[in-house]
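Counting in numbering that gives the first Met the number 0, the sequence shown runs from 0 upward without gaps.
Hints are computed from structural coordinates only; laboratory data are not their basis. Since this is a predicted model, take the numbers as computed values, not measurements. Here a beta-carbon is modelled for each residue, glycine too, at the ideal position from N, C-alpha and C. Take the hints with a grain of salt, since some may be wrong.
[Claimed, not checked] Okay, derived cross-link-like pairs now, SDA-like style, lysine to any residue, Cα gap no bigger than 25 Å in a straight line:
#, residue 1, residue 2
1, 352, 162
2, 352, 342
3, 80, 19
[Claimed, not checked] Pair ranges (Cβ atoms, derived):
#, residue 1, residue 2, range
4, 346, 170, 25 to 31 Å
5, 25, 347, 36 to 42 Å
6, 30, 97, 15 to 21 Å
7, 251, 362, 55 to 61 Å
8, 162, 30, 45 to 51 Å
9, 335, 204, 37 to 43 Å
10, 345, 97, 19 to 25 Å
11, 364, 341, 18 to 24 Å
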Amino acid sequence: MSEEFLEFLRNKFIDGLAEVEDQGRLLPMHRQFQGIRDVLLGKDITSSTPIQMTDQEMIQMRNTLYRLLAVYTDCLIFSEKHPIQSTKFLLPFYNLFHFLFLKRTKEVLLRIKGELGLYPCIEDSNGSPDHRQDQESQSHDPENQSQGPEIWYPYVLEIRGFDGQVSKIRGWLLQSDEGFKDIAIVGIGGSGKTALARQLFYDEGIQGAFFPTLWISLSGKIDAGIDFKQVVEDMLVELTTEHGHEKLRSCSTEELLSSLGRQLLGKKYLIVPDGIWDETRDWYFRLGQALNWPDKDCNIQFGRDQKRIGNAVIITTRLEDVAKGMVGDKYLHSIEGIGEDEIWSMFDDAVDKSKLNPQQNDKLKKL
Numbered sequence: 000m001s002e003e004f005l006e007f008l009r010n011k012f013i014d015g016l017a018e019v020e021d022q023g024r025l026l027p028m029h030r031q032f033q034g035i036r037d038v039l040l041g042k043d044i045t046s047s048t049p050i051q052m053t054d055q056e057m058i059q060m061r062n063t064l065y066r067l068l069a070v071y072t073d074c075l076i077f078s079e080k081h082p083i084q085s086t087k088f089l090l091p092f093y094n095l096f097h098f099l100f101l102k103r104t105k106e107v108l109l110r111i112k113g114e115l116g117l118y119p120c121i122e123d124s125n126g127s128p129d130h131r132q133d134q135e136s137q138s139h140d141p142e143n144q145s146q147g148p149e150i151w152y153p154y155v156l157e158i159r160g161f162d163g164q165v166s167k168i169r170g171w172l173l174q175s176d177e178g179f180k181d182i183a184i185v186g187i188g189g190s191g192k193t194a195l196a197r198q199l200f201y202d203e204g205i206q207g208a209f210f211p212t213l214w215i216s217l218s219g220k221i222d223a224g225i226d227f228k229q230v231v232e233d234m235l236v237e238l239t240t241e242h243g244h245e246k247l248r249s250c251s252t253e254e255l256l257s258s259l260g261r262q263l264l265g266k267k268y269l270i271v272p273d274g275i276w277d278e279t280r281d282w283y284f285r286l287g288q289a290l291n292w293p294d295k296d297c298n299i300q301f302g303r304d305q306k307r308i309g310n311a312v313i314i315t316t317r318l319e320d321v322a323k324g325m326v327g328d329k330y331l332h333s334i335e336g337i338g339e340d341e342i343w344s345m346f347d348d349a350v351d352k353s354k355l356n357p358q359q360n361d362k363l364k365k366l
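Model the full structure from these sequences, guided by the hints.
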């Protein structure tokens with residue numbers, strides 16, 4: 000992995016936030032995003048004489064930037080559904096679930112800011128080390144962080160109740176036959192499909208086995224069909240610094256697909272389309288044809304044999320029939336419920352972290 004790719008991910012967030020601000024919009028946790036931007040602006044990843052990052056540090060920083068972009072995208076979607084007014088006297092309507100989302104989002108942004116501050120000091124464009132984050136980064140000791148509450152996009156081991164399911168799907172992804180795998184995670188709303196997929200997506204072993212890894216959020220497509228061209232554009236923007244959305248919009252869908260195929264040719268990639276609602280599956284098979292995925296009988300549709308490279312796709316959906324039509328039955332996983340013992344263990348831990356005494360709290364005592 001190159002520093003240029005990390006620079007691209009960094010600039011993608013910085014430019015996106017600047018565009019939002021140029022439009023006069025506000026995001027949930029906008030000040031937290033601005034604080035993270037200040038941290039990133041102090042890191043010139045591609046300066047002429049930077050302190051060299053190890054491969055492991057670059058992978059960790061890449062994963063942190065991926066998570067930052069995922070949270071930024073979620074907040075962008077949230078702000079479109081619930082616009083924030085520039086005056087405090089016109090507040091959007093938030094219910095309990097909105098406040099829970101905002102609380103957890105703030106927690107993950109604090110974690111991300113701390114992680115970015117812990118990476119090696121990188122010299123600025125004038126050749127002098129940037130120490131602005133030294134004091135702040137010392138306050139984000141990893142051991143102290145682990146004692147905090149669970150967050151929206153936590154580390155792999157912090158999502159509880161998924162161990163067996165993660166192990167099962169991880170085994171599919173990393174099994175030695177090197178064949179192409181299209182996997183479906185199916186479950187009702189709120190059952191944890193996205194959380195399970197994210198736990199797999201950010202797993203160190205999986206991140207080390209696949210590159211690039213692409214997350215495609217389709218959660219905003221509930222009431223409308225998939226904008227296939229937009230999906231391909233987003234994938235290309237993730238993959239290359241050579242194109243921006245403005246240049247890509249002038250291309251036809253076929254031109255975009257051809258470019259995507261060239262970008263991924265010969266690479267062992269993982270693609271996760273998350274939140275599929277559209278019962279029309281043509282877009283998925285069209286993407287597969289462009290990337291030479293094998294069909295259900297393991298026949299290569301055309302061109303280079305992608306089967307031997309070991310690429311993988313994970314889809315998440317509530318629609319079991321759609322999932323079967325897209326990936327078949329072999330790698331279809333239905334979300335499993337969490338056992339009663341694990342649920343009570345999680346509850347007990349939450350009580351302990353709250354520092355409340357159950358004997359002095361009527362509600363907790365009753366529970």
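Just pull the numbers of the violated hints for me, sorted ascending.
When the structure is compared with the hints, numbers 8 and 9 turn out to be violated.
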